[in-house]
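> In order, the protein sequences belong to chains A and B. Residues in the first sequence are numbered consecutively from 0, following numbering that gives the first Met the number 0. Residues in the second sequence are numbered consecutively from 0, following numbering that gives the first Met the number 0.
No wet-lab data here; the hints were simulated from the structure. You may find that some hints are simply not true.
[What the hints assert, rightly or not] Selected chain A positions facing chain B (Cβ under 7 Å, derived; list incomplete):
id: 1; residue: M0
id: 2; residue: D14
id: 3; residue: F15
id: 4; residue: S18
id: 5; residue: Q30
id: 6; residue: D34
id: 7; residue: F35
id: 8; residue: P38
id: 9; residue: L48
id: 10; residue: E52
Glycine residues also receive a C-beta, built at the ideal position from the N, C-alpha and C atoms.
What follows is the residue order along each chain.
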Amino acid sequence: MKRQDIVRMANQIADFHRSYPEEEAVAGVAQHIRDFWDPRMRADLAELLAREETGFNDLARAGARRVVAEDRPAA
Amino acid sequence: MALLKEQDHGTPAKEGAPVTLTIDGVEVTVPEGTSIMRAASQIDRPIPKLCATDSLDAWGSCRMCLVEIEGVKGTPASCTTPVRAGMAVTTQTERLAKIRKGVMELYISDHPLDCLTCSANGDCELQDMAGAVGLRDVRYGMDNANHFDAESRKPVDTSNPYFQFDPAKCIVCSRCVRACEEVQGTFALTIDGRGFASMVSAGAEADDFFSSECVSCGACVQACPTATLMEASVVEKGVPTRSVETTCAYCGVGCSFKAELQGDTVVRMVPQKTGGANEGHSCVKGRFAWGYATHKDRVTTPMVRERITDPWRAVSWEEAIAFAAGRFKAIQAEHGKGAIGGITSSRCTNEEVYVVQKMIRAAFGNNNVDTCARVCHSPTGYGLKTTFGTSAGTQNFKSVEKADVILLIGANPTDGHPVFASRMKKRLREGAQIVVLDPRRIDLVKSPHITAAHHVQLRPGTNVAVMNALAHTIVTEGLVDEAFVAERCESVDFERWRAFVAEERNSPEALADRIGVEAETLRAAARLYATAGNGAIYYGLGVTEHSQGSTMVMAMANLAMATGNIGREGVGVNPLRGQNNVQGSCDMGSFPHEFPGYRHVSDDATRALFEKAWGLPLLNEPGLRIPNMLAAALDGTYRGIFIQGEDIAQSDPNTTHVTAALEAMDCVVVQDLFLNETAGYAHVFLPGTSFLEKDGTFTNAERRINRVRPVMREATGLSEWEAVCRLAEAMGYDGMTYASAAEIMDEIAELTPTFAGVSHARLDAGGSLQWPVNDASPNGTPTMHKDGFVRGKGRFMVTEYVATDERTNRHFPLILTTGRILSQYNVGAQTRRTENGRWHPEDILEIHPHDAEERGVGEGDMVSVASRIGATALRATITDRVPQGVVYTTFHHPVSGANVITTEYSDWATNCPEYKVTAVQVTRSNRPAEWQEHFRDVHERQFVVAAE
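This is chain A alone, in the form it adopts within the complex (with noise of 0.2 Å):
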């Protein structure tokens, strides 16, 4: 997917669970990653976050890292 949508789609996500404690928000953005990405989407993240990708809030970065390295003994 484009970088821009993955970007956005995964801001969105943490911008909804923003107003919960962090260690719940960021647990929030990866289950629902998790739910609802498919793996190829959640590799296009990887890849993102291996790259450094600045564009993503910085709830959305926690959270998807959570989810990318939960994915990572799977792969």
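Chain B: place on chain A using the hints.
Frame of chain A; chain B shown alone:
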């Protein structure tokens, strides 16, 4: 009136304490308030009548239904006289017979005696009553002043394409006028003139039926006891001779109908009184707009082509299925199993949808299945599951009869869900109040006998801010139902939410400027909802089709829980689903992350259940959603798609992006009635069946599972589910060999707990069922969450308002929002192929007078509507129904290109597109947009069918 009649008890049923009386010496017990006429009907003592019918309140004008009552002077009308305990009624005496015959003589003295050539011959209550009273002659003769001889006869009004009005046959019983008022709630008809000159009139004298306020719902035609108002199809073909009970294929109300036929030819569709969703009412689409099923544009033969620029070639089913399977397998061999997928349709039955998702999960070996609910109500599923625990509305439609205040949010039911709107209007006329939250002044803001208590005319995109402002008022003014919340909801989540909405930044005063509505209006609306008794929320796509669609659904659920407006009749959170089977297609596992019954694919126990039943391992990862599929197609990782009954090239946002993605694929299979816009980019066309040919079930917005029965033979020679099963088999999967649609439902019931007690046999025996239907609720569940939420305790969610990324600026200063109109339906594939097109031949842009003046736009001018994504040209109409700064259009005609303009912004949780907020500029134009010229080229190039 309807042939093949359901029994007409004359007056409506009542609810009340039992009252016992005797009628003709027979003891009968009925609810208090019941009329003598209805009580007599229930013991097989039908009393002659003309002005009475049980869909309407008693009127007492025809004087046919007189009875004698012991101890009562005179002969009271049985329709207007309620029963009393111990009453002794006689329905037939010499005196009564004489009076009735005399009354009939008067009626017939001004009625043409052309019964043998009359369109109502054999289907006429006047004729029946003349027979019942033994009328043999008319003492007054037929030569006096009348309305039927050549000199005095007024012309038959045939302006409406679906029914005619012949004033010469009218007995002025007012049933049509009352039906328009009481059943439909439009008040289009009246009795004009006085005495002998009295006649039914549609509006002013200059009006005919077509130009009047009449909405062609058919209630007047159904109520008419003579041939005065008669279906054009009956006039043309004659009366039907058999009927089949089935379910409408249009909106999410899911009305029950009797298809009345001669042989296999449909003569008319008559709404069924016993239908739980509609209780005998209908709209112009379901009642009349079914002709598309036999339209000349129907494609009934499978077709294939190598490239989308080749002409279509008609082939056998075997060749078409082998062609599709061959291409899909080749794609998977080269690009992997996940390179193909499919989309299910809310216009198809549960059984048809179930087999498509099963084919994708089992035969394709992936979870790349999605459904058109993605672009309408996917946020409903997400939001209500998160807060309440189940992805569905909470009430039945009848519940609105007990509502005291209605919050109507982002829905226009008089156009989109007209039969439910009639119920709602009836309740409003009884005294319930309504708060309309909509940028546009829809009819329910002000229409005959209805004035909204408040019209919250919010700026598009500020829904969540409005909800937070209402919640702030409820929380800070002490209007929370503390007992309900304490007993029924998660306390930690509630306290978190309470603290959040109580913040000053969520107050109406703080948000008023952003919302564009006075703070006091917001406060008043909140107080009314929280304190007026039963508060019910009804909503539509104006809620879901936003970047915060799911947040908004949760915000509404919060409001209902906070005020205790959930878990009983008259309250609830009620999505008005767009298509007839949106609920069902979602129930059937159409989303890429969940199996039928909304269970996630990663859940091991659920997956094991399906693996055992389907006989193969299944993937535990979510698949692609529709927008993800399109993006992946442009990436080259997604190359084949099966599209069941959906037209994504017209209905989905950013048309240019959609068609580019379709063009990038190696195999697009479309299963549909017509060569729709998407078929222009397809390689295989599998002809689909109309609702009149289908065998299965639809599930409407109130979770009501209704039977869809085949009325005529399949024009295609193969049902849709059989075609899908054959394709699955050709792909190498042998687990889809069903003998009937009923067998598919049996498998659904076996694997889906909420459908456990559902079968075709049970539905055939007992009518409809509202899921869950299982051991806990063997007869279904009209009201959800009665004693507790499905998830246990209700969960409040914090709903921070986040403005959409789609912003106006000096280049795009207006906001475009879209919607539906009464006569057309979604992409118009069905309704454009009926006479409904006469009401709405093109999509029109509504623009506020100030915005029009600034741009030099006059009424009827062609204008260019341009967004950051694309541009189209439409004709403009100037109206203050839309506020300054907002323009509005419908999307029923492909050439309009409404979705050429809409963006790819979408809901954060579900990717439901943000159709309702697009920043645009409007300028005068004298030519079609570039896209529209391209559209015409594509049609010339890609819709060609080779000569046989």
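> Each hint needs a verdict: does it hold in this structure or not?
Verification of the supplied hints:
1. Proximity of M0 of chain A to chain B holds as hinted, the smallest CB-CB distance being about 4 Å (cut-off 7 Å).
2. For D14 of chain A, the interface hint holds, since its Cβ comes within 7 Å of a Cβ in chain B; the closest pair sits about 5 Å apart.
3. With its C-beta approaching chain B no nearer than about 5 Å, F15 of chain A sits inside the 7 Å limit, and its interface hint holds.
4. The beta carbon of S18 of chain A is positioned within 7 Å of a beta carbon in chain B (closest approach about 4 Å), and the interface hint is therefore held.
5. Because the closest C-beta pair between Q30 of chain A and chain B is about 11 Å apart, greater than 7 Å, the hint is violated.
6. Annotation: interface hint on D34 of chain A holds; nearest CB of chain B at approximately 6 Å, less than 7 Å.
7. Here the hint on F35 of chain A is kept, as its CB sits about 6 Å from the closest CB of chain B, short of 7 Å.
8. Evaluation of the P38 of chain A hint against chain B yields a held restraint, the C-beta minimum of about 5 Å falling below 7 Å.
9. With a cut of 7 Å, the hint placing L48 of chain A at the interface with chain B is violated, because the nearest CB-to-CB distance is about 18 Å.
10. Here the hint on E52 of chain A is broken, as its CB sits about 17 Å from the closest CB of chain B, past 7 Å.
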